[in-house]
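A.B. asks: Fit chain P to the known structure of chain W by using the hints.
Chains as they are written, first to last, in our numbering: chain W, 231 to 389; chain P, -8 to 441.
I should point out that these hints are in silico values taken from the structure, not numbers from a laboratory. Treat the hints with caution; some may be incorrect.
To be verified - Here are the computed distance ranges between Cβ atoms for each label pair:
| hint | chain 1 | residue 1 | chain 2 | residue 2 | range |
| --- | --- | --- | --- | --- | --- |
| 1 | P | Glu83 | W | Lys277 | 24 to 32 Å |
| 2 | W | Gly264 | P | Ile180 | 49 to 57 Å |
| 3 | P | Asp133 | W | His367 | 40 to 48 Å |
| 4 | W | Gly264 | P | Asp156 | 47 to 55 Å |
| 5 | W | Ala251 | P | Asp133 | 36 to 44 Å |
| 6 | W | His367 | P | Glu83 | 26 to 34 Å |
| 7 | P | Arg114 | W | Gly264 | 49 to 57 Å |
| 8 | P | Thr99 | W | Leu279 | 38 to 46 Å |
| 9 | W | His367 | P | Trp39 | 19 to 27 Å |
| 10 | W | Pro368 | P | Leu169 | 27 to 35 Å |
To be verified - Residues from chain P that keep clear of chain W, each with C-beta distances beyond 10 Å, as calculated:
| hint | residue |
| --- | --- |
| 11 | Leu157 |
| 12 | Ala237 |
| 13 | Ser436 |
All of these numbers come straight from a predicted model, not from anything done at the bench. All residues carry an ideal CB built from backbone N, CA and C; glycine is no exception.
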Amino acid sequence: MNSLKLFFILVAWLCASQTLAETVLTITGSDASGSVKVVTFDIEELKVLDQTSFVTIHDFVDEPTLFSGPLLRDLLANFTVSDEATLQLTALNQYQIEIPISDVTNFDVIVALEMNNAPMSIRQNGPLWVIYPLSDHPELQTAVYNSRMIWQLIDIQVR
Amino acid sequence: MTARLFQYKWAIISLVVFGLGYAGFSLVGMHREMAGLNMGSLAGGPVWFVTSVEFDVLRLENALYRYSEDRYGADDVHQTFDILWSRLAQLEVGNTHDKLLEYDIDMTVYERSMDVLIAYDDRVTSPDFGVDEAQELFALFDQINGELRMSSLKVLEASIAETNDLRLRALSLAKTALFASLTIAGMSILLLIVFRLDSILTRRILFEKEALLQEAYAADIAKSQFIAVINHELRTPLTSISASLALLKSGSLPQMSGTAGDLIGIAERNCIALKKIVDDLLDIERFASGKMEFDFQEINFSDALIQAIEDSKSYADSYSVEVSVNNIEPDVRVIADLARINQLMANLLSNAIKFSNAGGQVQVSLSTESGRAVMAIKDNGRGIPQKEKTRIFERFHQVDSSDRRERGGTGLGLSVVKEITDAHQAEITVQSQLGEGTTFYISFSIANSC
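Just chain W, with the same shape it has in the complex:
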């Protein structure tokens, strides 16, 4: 009886935790048929994806820093994306930028979940920060690519 009770409590907790999981990223694009497709992720869903890590320097840190998270192109894998597509990225404060899809296909751009192996709070520009591998690609070490590293990312529109 007790174990049954415990089971129900566990199921209830799991359901609650599922419904309560907060969406941290919404991606809107289109599927193969051309219909609008919206995919949302909570932080746990992003964590279970393949993680890519690299140490890089950029304009917003003082020293080379380790970032890790899923590749942006992996997040777009279930969408139909043309070679000329543009991604419109939106931050928590509604700041928006656009980046060409070629950035994502040519370079290992990640949506970082962790900085130096620790999750990032909003105060640390988290929870999601788009990071380009600048240290691995010196040609990216320009103001243009630094400005594309939007933090507090919440939304991606494939256009």
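C.D. replies: Just chain P now, with coordinates in the frame of chain W:
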């Protein structure tokens, strides 16, 4: 005009190379300078950052205001609070921080804003964050707002000054680019002109060459016709005159007076000389047209030479020159056309005799050396100047035009000698000292040495 311009072709090409080099050098320098300009720094620069701080302060104020009116939840306040926190924290690190220091911006207002956030951190994150506290926080930032605006303006001012510098440098680069482009365009036009001139002149030269070739061809035909005329119109009567004179001289006809006999002798000598000239001319023509035929056989070169010396004696006497044998090795055999070898030796001997001084001596020798027969004919005449040595075998060439008057001859003898020597794959060399004499050496392969 074209030709005169073309004289400066290399000067123009040098100018083009220099101009293009200069333009290229300017463009490389410009590229380097452009890379150093970092124009992109203006896009996401500190102005954007400090303005964003102002924007996020306003968002926080807006959230606090709505919270105090119960239109926003605590989460909304908390989020805008954290965003402003992240923005102010970002001012402390990275390039923006460095740039603000470089602009000498007073950071006090940002530090004070951060202090306010730190002071209210616990209260804002507390579930019982009160409306009074929200209004209090709103009022604090409302006071700071003006200072933030002033600070943003200072950053903008510093940025404009920097932008101005960048703009001036960009303008200078644009001028360089314009100058380089004009230089390249100018040089290309010059190059085009040079190539055009080159093409015109090349065509003209080709045309002239063709005309010259046609003239030469016409001249060649005329020469051949002339030779044919000589052969038929001059040689035939000469042979007839020569034969008649020989008959007269042989005495088979009634005896003539001494004076008439002398005159016939003179006529015969001149006839022989004229026949020799005609024969040389015909031979040269045959050599030139490749129609000369040779009958190569093994001959006794020593005997042929001795015979040639004998034959030349009467001619030598007429010049009061002695032809002496100076060691002729016996029975030296070579593969040769005897008639042509006789002609070669006769020409060389008559030349040596003709150009020797009266009472002089022509020495002839024949020796063998390393499988070759070397014939040497040495005179003690006036010698050949160094610069003429290479030209003496040319047709009609004589060392000094006065020679022709003094010694006679057409300048064909040595040319015939050279042609015969070449046909026999023999070698002819000449050594000469002005005022001392000349020696011709001709070397043949020995027949039995093969």
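A.B. asks: Which hint numbers does the structure go against, in order from smallest to largest?
C.D. replies: The structure breaks none of the hints.
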